[in-house]
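Visitor: Model the full structure from these sequences, guided by the hints.
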Amino acid sequence: MLTAVVMLLQVYAQDNQLTATVAQLDKAKTVKDYQALATKFASAANTQKTNWLPFYYAAYCNARIGFMLEDDGERVEPFANDAETYGKQAEALLKGSTDKHQQAELYAVLFMVYRSRVFINPMTYGREYGIRSQQYLDKAAQLDPQNPRVLYLQSWVKYYTPKMWGGDKEKAKTLATEALSKLQAQTATGEQPHWGKAESEEILAKYNR
Amino acid sequence: MKPIVLLLSIWSLCLSATAQISISGQVSSQQGLAIAGASVSIKGATAGATTDSSGHFHFTTKLTGKQVLRASSIGYKKQEQDILIADSGITVDIILPANHQTLGEVVISAGAFEASDKAKGASLTPMDAMTVAGNGGDIANSLRSLPGAQQVGEREGLFVRGGTSEEAKQFVDGTLLKNPNYSSVPGVLQPARINPFLFKGVLFSTGGYSAQYGQAMSSALILETMDLPDESSASLHLFPTSSGLGFQKLANNKQSSYGLNVNYGNQAAYNSIVKQRPDYFLGPEYGNAEANYRVKTSKTGMLKIYVNASLSNIGLRNPDVDSMALKSAFKLNSSNVYTNISYREMLGKDWKLQAGAAYSYNQDKIGLQLQDGAHQPVYLAGAPYAWKNRDMNTTTNFAQGRVVLSRLFSRNQALHIGAEHFYAEDRYHSGDSLYPLTDQLTAGFVEGDIYLANNLMARVGVRGEHSTLLKKSTVAPRASLAYRFGDGGQLNLAYGIFYQKPENQFLYQQRDLRFSKATHYLVNYTKKAGNRLLRLEAYYKRYAELPKTIPFVNSNGSGDAKGIELFWRDKRSIKNLDYWISYTYLDTKRDYLNYPYALQPYYATPHTASVAVKRYFENINLNVNLVYNFATGRPYYDIRSPQGNEHTQVFDHGTTRAYHNINLSGAYLFNLFKGKWKHPGFGGIGFGVNNILGTRQIFNYQYSYNGMNKIPVIPTAARSFYLGVFMSFGIDRTEDFINDNL
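First to last, the protein sequences are chains E and Z.
Counting from 0, one number per residue, gives the positions in the first sequence under numbering that gives the first Met the number 0.
Counting from 0, one number per residue, gives the positions in the second sequence under numbering that gives the first Met the number 0.
Keep in mind that the hints were calculated from the coordinates and are not lab data.
Please note: incorrect hints may appear among the correct ones.
[What the hints assert, rightly or not] Distance ranges between label pairs, derived from CB positions: (1) Z:D51 x E:T176: 40 to 46 Å; (2) Z:D51 x E:T29: 37 to 43 Å; (3) Z:R276 x E:K205: 51 to 57 Å; (4) Z:V294 x E:E127: 19 to 25 Å; (5) Z:W567 x E:A187: 43 to 49 Å; (6) Z:D51 x E:E127: 33 to 39 Å; (7) E:K205 x Z:D51: 19 to 25 Å; (8) Z:G488 x E:E127: 26 to 32 Å; (9) E:T29 x Z:K574: 21 to 27 Å.
Where is the CB? At the ideal position from N, CA and C, for every residue including glycine.
Guide: Below you can see the structure in the form of structure tokens.
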């Protein structure tokens with residue numbers, strides 16, 4: 000009886016801790032912030048080996064660092080490697096799950112994971128990982144077309160792709176706006192994924208400039 | 000009995016007081032992966048161990064009580080953990096957090112430019128090298144915009160750091176590529192025989208290279224071919240001087256592929272529009288067909304077969320240097336077959352086998368003729384005219400076999416042991432005379448890449464060679480060191496001795512020659528960060544036993560070369576723009592051929608610089624490449640022997656004007672049949688202009704026999720142009736272009 004209570008308390012504490020770390024993620028800005036959070040999520044993943052969320056967040060933080068280091072190709076690879084490791088572990092945990100929303104969240108992050116690899120050197124890594132990342136985003140959009148993070152990433156692709164190859168800044172604006180309105184309808188706290196506001200706003204700010 | 004029991008128990012007490020206590024455990028990463036080779040020790044004590052391949056460690060200590068256990072491994076942050084050592088021993092598991100500040104393993108890089116499909120940031124990729132404007136599809140030509148190479152416009156190949164183009168050799172998957180370019184024509188740069196898109200890795204070594212390669216005194220261009228293609232595809236190109244088509248078929252099980260490419264070009268039509276200085280009476284005509292088969296022989300095994308057959312036919316007339324009323328005509332019919340077979344396989348976890356074989360056949364039929372104004376042959380007796388009517392025929396059969404066995408260790412350390420054998424059979428006919436040469440050259444080498452300290456890597460090797468033709472053996476030591484600073488900068492040092500057989504032109508006349516020899520010393524600093532790359536290199540080279548032709552053919556030549564080189568690449572400062580700058584300072588003198596004493600050779604100049612710019616114009620879908628090459632003037636000499644064949648004298652000399660050259664090339668890309676066809680394609684319009692400004696370029700001067708007249712060696716036309724279309728189906732390469740520019 001007592002052991003059961005202790006275990007319950009432990010789980011409760013762990014959940015609380017995860018929520019607290021996710022709250023910190025909402026305020027993260029620099030590579031250093033994300034790096035510290037990646038370590039925290041990684042150790043959370045080590046203690047809660049069956050919960051996909053810490054793995055998801057560890058993958059996300061590392062992939063986000065990859066995006067932030069776009070202009071510094073030499074540094075991207077170790078983060079992309081970690082992002083892939085955690086991403087794959089999260090994927091294994093969600094295997095067989097019927098929750099389309101969760102799967103869409105993960106595929107959106109897997110898009111970022113593989114896209115970050117492109118930044119190592121687009122000339123050499125672009126072909127393989129560009130195609131692979133897009134497949135994940137398409138899958139995510141299929142599962143949950145209204146997911147604000149999927150919408151934001153679609154907007155990101157439209158914004159940064161040259162026009163000739165399907166880029167469309169207007170469409171990017173529409174998608175980012177849509178992502179924002181969906182985010183406003185969502186609770187912006189808790190441990191479930193809710194990031195994307197600052198990122199969508201950044202695209203809109205760039206568009207308006 | 001009692002005292003004995005007491006004694007025994009005291010004995011056991013003493014034992015326990017000095018007993019070794021066992022400490023064991025496992026080191027793993029945050030991802031739960033075992034870390035092999037991590038060092039674990041007790042702080043302030045010598046006790047410690049290194050983890051095995053499963054991350055486990057075990058050691059014993061006399062220490063007890065509260066201690067600090069520390070663990071470290073490359074790529075991870077150091078970790079310290081408080082432990083309490085119990086008498087019964089303890090088990091401790093340690094988790095090391097990843098350290099993303101570390102920059103992977105140290106890479107030996109003195110003297111080398113690597114363009115790889117694994118390149119990060121501002122490091123070169125094969126595509127970067129192949130898109131240098133004006134290279135004409137020749138990798139060696141595009142590498143002339145990197146430091147170390149000279150701008151020698153009248154001849155193909157690489158002239159590196161005071162060396163001739165014969166001293167720079169190309170290797171494909173380990174074996175020698177005997178004839179990388181179409182056979183030489185005096186004064187006219189000849190194109191490459193092999194499609195540059197075959198290669199996924201290019202290592203251009205300008206000195207101090209590995210003991211795995213030999214018979215190249217100045218430079219080794221080490222090329223690595225692609226494995227299986229991603230998808231099946233077909234391609235087509237139509238340009239005024241060359242058209243071709245080809246396909247690559249990937250088997251459904253993705254375990255093998257085959258492909259065929261055919262190219263043909265005749266420049267006669269182009270030359271009728273863009274006037275050429277030489278009067279071409281044949282071609283220039285080039286044709287080649289290449290086929291490949293690649294198969295995965297196992298999970299780690301790969302077999303690749305490549306065959307290339309090519310021919311060229313060229314005839315041209317130029318004013319004769321000895322008599323302005325006459326023309327000297329040159330005609331070449333050349334055919335070549337090249338085959339390369341390479342195989343690699345892992346033998347267990349730690350051993351790697353690489354084997355290769357190459358065969359090449361080459362025939363050059365050259366006809367020289369002195370002609371009058373109506374292009375009729377003129378036969379005049381006596382020097383210098385007698386030898387201006389001649390037919391020469393050279394055939395070469397060349398075969399090579401090579402095996403390298405490597406033992407791989409952690410952190411990219413390795414020990415390589417290899418052997419190779421070269422068979423060369425040359426038959427040179429001139430008039431009624433035949434000059435046969437057959438050589439069996441055997442080489443063996445051992446080389447190790449090892450860490451001497453955490454950030455200090457060494458490559459030490461030795462290569463031995465024996466030639467049956469020269470009846471001589473050589474032993475060539477090579478060594479390279481690389482030290483990495485905390486900020487990612489790397490300092491490299493290299494030393495090596497490089498031997499090369501004299502060229503056939505000397506051996507036809509005199510077989511009792513020695514291997515030419517070059518000793519390289521070089522120091523290099525390289526730093527890569529933030530999509531920028533800086534590379535500085537200084538070197539000194541000493542040449543010995545170079546071929547001399549006076550008073551008779553001998554091996555008594557010598558020389559030296561020293562220089563400083565700079566390379567800077569920046570992909571970051573301006574969005575969508577990538578540029579590099581290279582500068583080469585060269586101070587070299589040689590006493591060779593018919594030089595009376597050490598002179599700066601005719602192909603060398605002190606200052607050479609290049610700026611290469613690549614820009615993608617997103618809105619109009621246009622890629623533009625621009626390169627500016629500059630070189631100070633080259634020396635030229637009138638060297639003759641006043642009395643017959645004895646000693647020579649420099650009767651006249653000078654320096655050519657400085658060389659300026661701007662080449663522009665570009666491609667406008669578009670989609671083909673998008674959405675309408677099962678296999679979408681992409682197409683492009685490619686264009687280029689060499690020497691846009693039409694700057695007058697003089698490469699050298701040719702003197703008449705009596706020294707009374709000299710004529711400049713200049714390009715065949717002030718400018719050259721191309722415009723054409725290319726298409727590719729099957730592989731949707733639009734992603735490449737998108738990703739290149741995101």
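Visitor: Taking the hints in turn, state whether each one holds.
Guide: Hint check results:
1. Checking the proposed 40 to 46 Å range against D51 of chain Z and T176 of chain E shows it is violated: the Cβ atoms sit about 57 Å from each other.
2. With their beta carbons about 39 Å apart, D51 of chain Z and T29 of chain E fall inside the hinted range of 37 to 43 Å.
3. The hinted range of 51 to 57 Å is satisfied by R276 of chain Z and K205 of chain E, whose Cβ atoms lie roughly 54 Å apart.
4. Distance hint check: the CB atoms of V294 of chain Z and E127 of chain E are about 21 Å apart, consistent with the given range 19 to 25 Å.
5. Here the CB-CB span from W567 of chain Z to A187 of chain E is close to 47 Å, well matched to the stated 43 to 49 Å.
6. At about 34 Å, the beta-carbon gap between D51 of chain Z and E127 of chain E stays in the expected band of 33 to 39 Å.
7. Taken as a hint, the range 19 to 25 Å is violated for the pair K205 of chain E and D51 of chain Z, whose Cβ atoms sit roughly 52 Å apart.
8. A hinted range of 26 to 32 Å holds for the C-beta pair G488 of chain Z and E127 of chain E, which are about 30 Å apart.
9. Distance hint for T29 of chain E and K574 of chain Z: a CB-CB separation of about 22 Å, consistent with the stated range 21 to 27 Å.
The structure does not agree with the numbered hints 1, 7 stated previously, though it agrees with the rest.
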